[in-house]
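Residue numbers (this note's numbering), protein chains in the order written: chain A, 99 to 407; chain B, 40 to 309; chain C, 3 to 517; chain D, 8 to 535.
Source of the hints: derived by calculation from the structure; they are not laboratory data.
Check the hints yourself; a few may be wrong.
Unchecked claim - To spell it out: a stretch of chain D is covered by chain A in this simulated footprint if at least three of its residues, at any positions, have a beta carbon under 8 Å from a beta carbon of chain A; those stretches are:
#1 74-83
#2 86-92
#3 107-113
These numbers come from a predicted model, not from an experiment.
Just so it is clear, CB atoms sit at the ideal spot from N, CA and C, and this is done for glycine as well.
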Amino acid sequence: MIRFIAWRLLAGAGVLWGAATLTFLVLHFTPGDPAEAVVGGEGAAPTPEVLAQITAEYGLDRPWYEQYAGHLWRIVRGDFGTSYRLHTPVTQAIGEQAWATMELALAAAVTGLVLAVAVALATAGRRRWIRGLAAGAELLVASTPAFWLGIVLLTVFSFGLRLLPATGSHGLASLVLPALALALPIAGVLGHVLREALEEVLDEPFIVSARSRGLADTTVRVRHALRHALLPLVTMSGYWVGALLGGAVITETLFTRQGIGRLLVAAVNAKDLPVVLGVVLLSALVYVLVNLVVDLLYRVVDPRLKEAA
Amino acid sequence: MKRPGPGLWLAVAVLAVLVLAAVAPHLLSAQDPLAVDSAQTLRPPSAAHPLGTDENGRDVLARIVYGTRTSLLLGFGAIAIALVFGGLLGLAAGLGNRVVENVIMRLSDIGLAFPELLLALVVITVAGGGTANAVLAIGVANIPGYARLVRAQTLAVRRSSYVEAAHALGLPGRRVILRHVLPNAVKPVLVLATIGVGTALVAGSALSFLGLGTPPPEPEWGSMLSTARNFISRAWWYGVFPGAAITLTVISVTVVGRALRLRSEGRTSW
Amino acid sequence: SSPGGGAPKAGGTLVLGENGQEPPCLDPHGNASSDGPVATVPVADSLVWFDADGTIEPWLADSWNVSDDGLTYTFKLRHGVKFHDGAVWNAEALKLNFEHMKDPATKSPLAAAYIAPYEDSKVVDEYTLEVRLSSPYKPFLDILSQGYLGMISPKQIKEAPQTICEHPIGSGPFIFDKWTKGQSITYHRNPDYNWGPKGAKHTGPAYLDKLEIRFLAEDATRYNALASGEVDAIDFTPPQNVEDVKANPELGFLSAIRPGHPMSFWLNTSRPPFDDVKVRQALLAAVDRESIIKGVSFGQYDVAQGFVTSSTPGYAAALEGSIAYDPAKAGGLLDEAGWTGRDKDGIRTKDGKRLVAYFPIAANFPAQRMQIAVQTQAAARKIGLDIQLQTPPEQELTDRSNKGDYDMSSGLWATNTADVLWIQYSSENITTDKRRGQNVARLRDAQLDDLLERARQGENPAKLYNQAQARLLELAPAIPFYDDPRPVAYQKKVRDLTFTPAYPSPYFYDTWLEQ
Amino acid sequence: MVKPMVTVENLRVAFGAAEVVRGISFEIARGECLALVGESGSGKSVTARTLVGLTGGGARIAAGELAFDGQDLTALRERGWRKVRGGRIGFVLQDALVSLDPLRPVGKEIAEVLATHTGLTGAARRARVAELLASVGVPEPELRAGQLPHELSGGLRQRALIAAAIAADPELVIADEPTTALDVTVQAQVLDLLAELKSRDRSLLVISHDLAVVARLADRVAVMKDGVIVEQGPTGRVLGAPEHDYTKQLLRAIPAEHTKGTRLSATAPAPPRRPPGEVVVRAQGIGKSFGGRIAVQDVSFTLRAAETVGIVGESGSGKTTTARIALGLSAPDTGSVEVHGQSWAGLDRAARRRLRRDIQTVYQDTLAAFDPRYTVAKVLAEALSVAGVPRRSRRERSVELLELVGLSPEHLSRRPLQLSGGQRQRVAIARALAPEPAVIVCDEPVSALDVSVQAQVLDLLEDVQRETGVAYLFISHDLGVVHHACDRVLVMKDGRVVEEGPVEEVFRTPAHPYTRELVAAIPRLTAV
Ligand SMILES: Nc1ncnc2c1ncn2[C@@H]1O[C@H](COP(=O)(O)OP(=O)(O)OP(=O)(O)O)[C@@H](O)[C@H]1O
Ligand SMILES: Nc1ncnc2c1ncn2[C@@H]1O[C@H](COP(=O)(O)OP(=O)(O)OP(=O)(O)O)[C@@H](O)[C@H]1O
Ligand SMILES: [Mg+2]
Ligand SMILES: [Mg+2]
Ligand code: NI
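Build out the structure end to end from the sequences listed, making use of the hints.
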């Protein structure tokens, strides 16, 4: 077990390095002068001196491998540098935004999973019209863009009923709508996959066998079938972690929440390499850790895997 | 085998209409999707414009009809890219030796760890905006996920007795992979792929939301939806109909896909 | 400002919903975003105040003197002004501010360019500073009244310049509290404040206890936040909601046209097809600006009449109506220009070449501008000109605009002087490897250059700017669409909400809340 | 007369348009054991499942009377069923290998019954679980209770399932093929256990295709065919003096020592036997272990053309492993296997592939051995392509093969899931025959077949051998079958061959104690 975790963490470090390298290469070799980007935008009129200063200060005139090594070495030493665009340390820039995103992603993950599991459990293997209804609802939310869902939620609950605030990231009330907007499409996809899996499991002889012992239907579903059906969800962890972090950008923009999604978009547009590197490393780290946890969970859900490793 | 229910027929009909719209849009709408009329902006549904007009006075129905091709390309194209490349990589990882497997899986880990949005931005930064690149961006972003899934499946299928039985029969290895491993490994992934068509369409509209999707004035459902959000308080029809088009497409694809899958497995469809 | 009686009351918090153009840096000298001034003016006062009629009034400078050659400005500064950190406002402070703007390390995207002619300055005495320019620069004072050139504590500039972006310290009526990035900025009242501008309604501290600027990028969200009472006022009221605002008895509405260049599509005059003035004039005549603008703004915007907005000092009102919608004339002009052939799509051709114009646009292109672009595209098609909208990546866009690789480009430039014409159309301002300029049309016209240069140097600007505007109408380097307004909507309980006329943005010094 | 435990009158069950149980009636008295025997697919399992309300999705049930202990079962709702199932009726499903939740320790499954139907808590429950496992003959019950199904052999799984069924001491136990996965010694133990239940006034409904088992356990027998009971009566009478033709046919078809050399099915006489030819497979000292546990150790044998060598032994003794090594599908740790004088180890890939055509196999698990997407036609065509049969004659040849194994052309379009277990097994045999190999390794080739079909298949195998001189390596836990079909036999225990020799000799005068135990435990119909 310890060896497994250690090996995974080592591989995780490799993933971080790969992601950082990819980020650097991409930002470096795509067109556009970062110096322009830093002070760019409509309404800006940087003087040549300002551009020269930026180029010199950020070492943008050095060969790419030197810059690459520089960034890497800096990060290895634990120094994430200073944002080109915000003129603040990257750790601070990300630190200000990270919690809001985490909060949102966690809330959405929990909501999405609970919804998906609840709906799938309640409807799998039921009458055709119930299944059809549930499947339709799932596909509806899964095929509705998060921003549109968000707008609809806003229009109904904020602007119409005035039940919940439309904006900001303070407190629970302001988390409800964004979390829902982010969670629903994910719940749709997960619920769909889960229900298909559940229906397959509910046909298995061991379910009949469990029923023949006099267990209540709910008990059979929760205690026996659910565990099997969860396996594909676990395999899809990559998908939903990505969907959460990716969807966060849209949701953050729409609900005017803080978050690293928006920070990332702004940073990419401004070629703000230190910030992009920071965000990528953070999200890669989250991915690596989530994956590790998920793999450990996998072993809890499916004990057959324990000895295989 | 049970006869297909009305739901399936409906879904097939919707797909047929979609194909028609993609191939010969002029048969479904007589209006020009690009015909701007500054005097007729954001008009509600009427006889002249059955689904209303947009902010430039264009006919929403015509734009939905003419947008079908691009939208379907976005949905199916992206998933096709993800499936083909993800499938091949996953298969290679599942069948290859440890080195191959490790290289591919670590690369796909990097791909998955790399924010999907950034990946899309990257493709668009490198290749520029536009539908083709949006397809590419979303497709590429989905490759690692599918690769992982296919690999997991391949490993399971590879160990199955029927693959061993095929080997025992004396079939050439290539043929076993092509005829037995590949189809069985990809099968469960197809469940995800049918719904993936929808998520890809949605991802395309998210790109439009960020201004990276299909460039105007070309009609495309996702970008229509994205623009419509600005006018939701004045023109519900502008957002609702393209949204309905997306949802209807996804539901139909899923229903038909499911029926095909069940049939290929020898199970009856719902 | 809002009507109604009653004496102003102190207290309360005002929340303003801003659009999403959150500045990356709150150093007034370090930002160029359109939300910059609204966020920095509460904190940082300016040297002079610009009145709506174009006159310059004292603020942190009591008086000033311009030498005859226009090269030396002598400022007499106000006494008793203190920054929030206790630093004293004096000649040294002003000198440090100028140097801070110019210092490349500040990475100023705008202020440095605005004071480009600044050479150096000399402290004459504690409250007198003599500023020397390298060339005459008539708009110097106008520029100095803009929020982008607000005054920052000399202590902060000297001791901790890297903190200005995050936490600007000025002498303004509000003290900066906290910037929650991506969300809001909060301020509280400066109790010691006693040096409001001449144009203000009262003296002494501001009335509001607290001020919060919240960034609400989505139009629908911003408007609804106001309608539902989540915020007290919103900036950039979406045009589609203005009618609702006006019809709502609980809401007030305040709007000012921003001085400067109207929102326009510039035509690249340095390469075909728009190097031919006839083609430019043809396009100008082919577009029914009236109906387009009415549609996209839901009847809220004024169609631009020329190349500066109607609120800009030096606006040539006499030239109004010179641009007329006349598709027939447009066709004739193109025929004259030799574009007589037609291809199968109905696009004109000449010597086998199609009449195509490339219009690269940015990812975050505002929705409205997109509408105008699409409708312009449709109008151009009717006369046989194919406008192709392209969405290259942001960075490629910058590269292309620097290299002049485009036929059309869009934008506006808000500044409180007709010198905007020099910024936009002087051949000196064509971007080269050495210099970034705003002459997006890449117009090179000796006659215009001469007019603008002379106006800049101070020779009868009123007349010269008039002539320049007339000349531009002949040259047609752009399709001017509308005079950009700054529409603010607010709850009726918000009283005396005003604008800083220099760069119209909400100004809260006089504002109070009726409870 | 005492009220019967179970009363079934005119029971009909239909799935969609197909009526699979067509009006059957029977009663089971307290302390009585009724056995249901009959053709595969005749509706035995459906009847059993109907008694616990788990007939399956889409089933339509009609009955004149369906009562348990005087209670009308047709009137029961979900809540009512819960009390009956597990608590008053214990049920052992047919598919023992897949009837335990693969993700939960088997002990938990048994404890679940106790938790639902008894007041036992915590430690008491654990103790009872161990007791129950011990009572069905599971060694080291505490250890086993904590293990997952896949860590148990098929026989252990079946016993755990039985333990769960009897955990709450139900008044009626329904056991559907309770001993298929068990070797004879364990089978004897389980049968004793069920007999003991009966002695405590519990009722039993046993379904089995093994008439010897039925003979030993049942008081009365009902014979089913095509959804109806064709004959019903006391065991001795039905098995001893059958009245119905089908029953007679069933009884004739049972292979055993006395049937050796005779035809089991009523088909044309076989061609003359060939003498054993040259050696086709030679295994020398093969050994294999999995993660330190020895599965096979020092096994040697030879197989000659036109000869059948049987391997018997308890579950987990290494029979399948030996077969896989012989097939070259898994490499031995020690020793070597030669086919036609060529050692697997010494061949490159292409040569192995060529050699494989000469040695075919029938898998133990027939469902898993077919690509689920393939129709029977495709399965056979693929096998024929390996043999080099040209594309156009493949279909014709497929039909021939199917007819050989007693199936008809209509089965060509079926997929594995659409076939009954017995049909699948026959398709597997057809596939193995297709390339006309020199050797076929048969791993439990007739385990899923009811005796009449089993008879056909055994005859078929023999006919093919006489015609082509193919050699069989024949694995089975059914000693009667082995006795009938094999020339020589290897007896395996714990991975070793403990005894070897001509089948008559080994069974008549077993030398090794284990063999003696095996032979003694063979349930014999003649014992009735
Ligand atoms: N859930 C179901 N849906 C449709 N048909 C079914 C279902 N269960 C059983 N059948 C059909 O009912 C018939 C009787 O099946 P059953 O399982 O009772 O046979 P059996 O007598 O137990 O045979 P075996 O000895 O092979 O187990 C078969 O033809 C089978 O295909
Ligand atoms: N792939 C494997 N991994 C680990 N252990 C295995 C594997 N295959 C077989 N074994 C073990 O090797 C031993 C012999 O198994 P084998 O399948 O040969 O038994 P068998 O004689 O065929 O039994 P049965 O009659 O139940 O089919 C068993 O203990 C089994 O658990
Ligand atoms: Mg059965
Ligand atoms: Mg075996
Ligand atoms: Ni599906």
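Evaluation of the provided hints:
Counting residues of the segment 74-83 of chain D whose beta carbon lies closer than 8 Å to any beta carbon of chain A gives 0, which falls short of the minimum of three for the stated coverage. For the segment 86-92 of chain D, the proposed coverage by chain A is satisfied: 5 residues have a C-beta within less than 8 Å of a C-beta in that chain, meeting the threshold of three. Only when three residues or more bring their CB closer than 8 Å to a CB of chain A does the claim for the segment 107-113 of chain D stand; here the count is 5, and the claim holds.
Hint 1 alone, counting from the list given before, is not met by this structure.
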